[in-house]
Amino acid sequence: MSTVLTSRPTTVPSDTVLARLAERWRTAGVFLACFGRDGGLLWHDPQMPRLLALTTTSDPTLAAYVRHLPEDLAVHNPPPLILFHGVQVHLTPIARRRKTVGWLAVLARTGTLASNEEFHRLAARGALDAQALLLQSARIPAVGALQLPALAALVGQMYDDLQSSSLATHELASVTEQLSTIYEEINLLYKISSGMRFSQKPQAFLEKVCKETQEIGNFRAVAVALVHREDESSAPIVGEVAVLTGQCSLEGQELINALHAPIHESLTLGEAQVHNDLSNASDAAHVRSAMQRFVCVPLMRDQRPLGVMLAIDKNDHSDFTSVDLKLLNNVGSQCAIFMENASLYQDMQDLFMGVLHALTRSIDAKDAYTRGHSQRVAELSKLLAQRIGLSDEQCQRVYLSGLLHDIGKIGVPEAVLTKPGRLTDAEFEAIKKHPAIGAQILGNIKQLQDVIPGVLYHHERWDSRGYPYQLAGEHIPLAGRIICVADSFDAMSSTRTYRPALPLETVLAEILRCAGTQFDPALAKIFVTLDFTPYRRAVEEQLLGGHQSSAPGAEVRFR
Amino acid sequence: MAVKTILVADDEAHILHVVSLKLQNAGFAVHTARDADEAFDIAVSTPIDMIITDYQMPPGPTGLDLAKHIHKEPGKRDLPILLLTAHGMGIEQVELTHAGIVCALSKPFSPREVLAKVHSLLETPAAEPEAASLPAVSH
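Just so you know, the sequences run in chain order A and B.
For the first sequence, the positions run 18 to 576 when the numbering used here is used.
For the second sequence, the positions run 378 to 516 when the numbering used here is used.
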């Protein structure tokens, strides 16, 4: 039996509603059927008594009657059709959007059934014994003939109510599904923004974001590619793919080359490019081999292109929708914010280090013999710190202390610093002030507080005969003890006004000789086992070139 | 395996709908309640396998109160209860343990993660291959 008295595209078959309605009215002796505008029977209660079922399905009078009903039945309100004595049917319109789309037929036994010719004909049509049918039908509960129109109207109203309620339930389910997706999105964006730490490597952050986006959007692959920072020219050039999560047969530069045109377009226009159908694109053969559809979202801040985010294929093979685009745009803008801040943070770091290097170089440069000294001490100290197992953060701190350890020399008269001969006691006292002066200079900079101990105590001696405070042994902060060794090593290894550079073996022997007196014995023993090849290279370079060849702000690294 | 029944309590209708739908689509039977009292009545009169409850459901008792009272009922001492609450509510871990709450999730929550957590707490096989890791309530 065909169903469908559905109006709007809904998956609700209205015969479910009809079935529920029929069930409620059956016991009262009211039975339901449903006809189309053309008089065709669309549905009838399967538990209808045989007589009524026969009537609804095979009575030509009824069919003709329905066919000729006026559309605005409610206005005309005809009396019920008496099919044959004892059975009546009343029809109420079923309307959708103010148009009658069918009729709800309400049938009831309203009187005593007579075994007349018509009855026999009906029984014959159904291949039934008329007598038996009569007996059975007499047991159908009777309904008052006068009440049937009102009852029919009531049934019609109930049908409308049940139908609305059914549609509402399904709409609610549909809305809830969408709401659930929105919850996922909100959760993702919340996680992204609360998890953003600008000091973390972009790689880690972007990977996390791509993976989450891929899962929530059900995409096959998500990638982020970055714009080269140097290229401020008119055409932004997208560099390597920073991150790709999921599966894609094209990777890295291949992927960028394949999607070169849409990437370029999205960055120039500042808008996402959605390509759901690649069949027409002329140069897309290469792309087509790897994917069926993709979206390219530009990552921009203040009109500046920072990169692109690519979403490739959906796992259910459907097209990218505006919902997907919204998700990608939102996530994309979060990424852009992160990337901009991460690069600003990096700029700040670079600036900071650049200034430090410039500062320390300027101090070292007063004396040709000390040129590069701070840098070398910083590197050596860091090596030693790493060798004894300090954390990355601690090693970096030791490095900075090493770099800044002689900054206090700015307060020492130049004449004293560069004096070729022996220093007088007074001159020596002036020099001994430089650790404290250095600490004082750094004292006002909040971010460098942790660096001060290395600067202040690098001339203390293990046997407490150092300066400025005559601290002994482990009372001397570790950074100070480390830099002390590195500083002395470099001093002995470089040419000075009063003597030439000592050979490595001599210097190392001297370090060991002074272990326990000038130096922390444990540190001294470890220090002499370091690899000094990079150090020697740095010294040679210094002697040959005299200038650092790298760009300002960059550290000279032992290669 | 018998169908597991979950009771979801929240004063906000949209959360009830979203969580219920997610669970129903995954094959669980779901009862809903709009406050702690209603939830308690359902929990003691119907066999349920787990409760997911909001924390604040004014004007009545909180989700923590609900958990404490449920766990005092005979046969319900080990009923797993999952708390959903606004981020930063400042509920101490001690309070959660005392009330017998096995897990707390903060809102905004991911429906997928809630489902994954339900699967892991009830030890039912999850449809999705990965079990998401969830943020614990902070503080």
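Note that these hints are calculated values from the structure, not bench results.
Heads up, the beta-carbon is just placed ideally off N, CA and C, and yes, glycines get one too.
Do not take every clue at face value.
[What the hints assert, rightly or not] Taking lysine-lysine pairs in the DSS-like style, the calculated list, with each CA pair at most 27 Å apart, reads:
no., chain 1, residue 1, chain 2, residue 2
1, A, LYS208, A, LYS116
2, A, LYS225, B, LYS453
3, A, LYS228, B, LYS484
4, A, LYS449, A, LYS436
5, B, LYS484, A, LYS208
6, B, LYS484, A, LYS343
[Unchecked claim] Which bits of chain B does chain A cover? Going by a derived footprint, with three or more residues having C-beta under 8 Å, they are:
no., region
7, 383 to 396
8, 484 to 492
Hints and how they fare:
no.: 1; hint: A/LYS208 / A/LYS116; result: 51 Å, violated
no.: 2; hint: A/LYS225 / B/LYS453; result: 40 Å, violated
no.: 3; hint: A/LYS228 / B/LYS484; result: 21 Å, holds
no.: 4; hint: A/LYS449 / A/LYS436; result: 15 Å, holds
no.: 5; hint: B/LYS484 / A/LYS208; result: 11 Å, holds
no.: 6; hint: B/LYS484 / A/LYS343; result: 21 Å, holds
no.: 7; hint: 383 to 396; result: holds (count 3)
no.: 8; hint: 484 to 492; result: holds (count 6)
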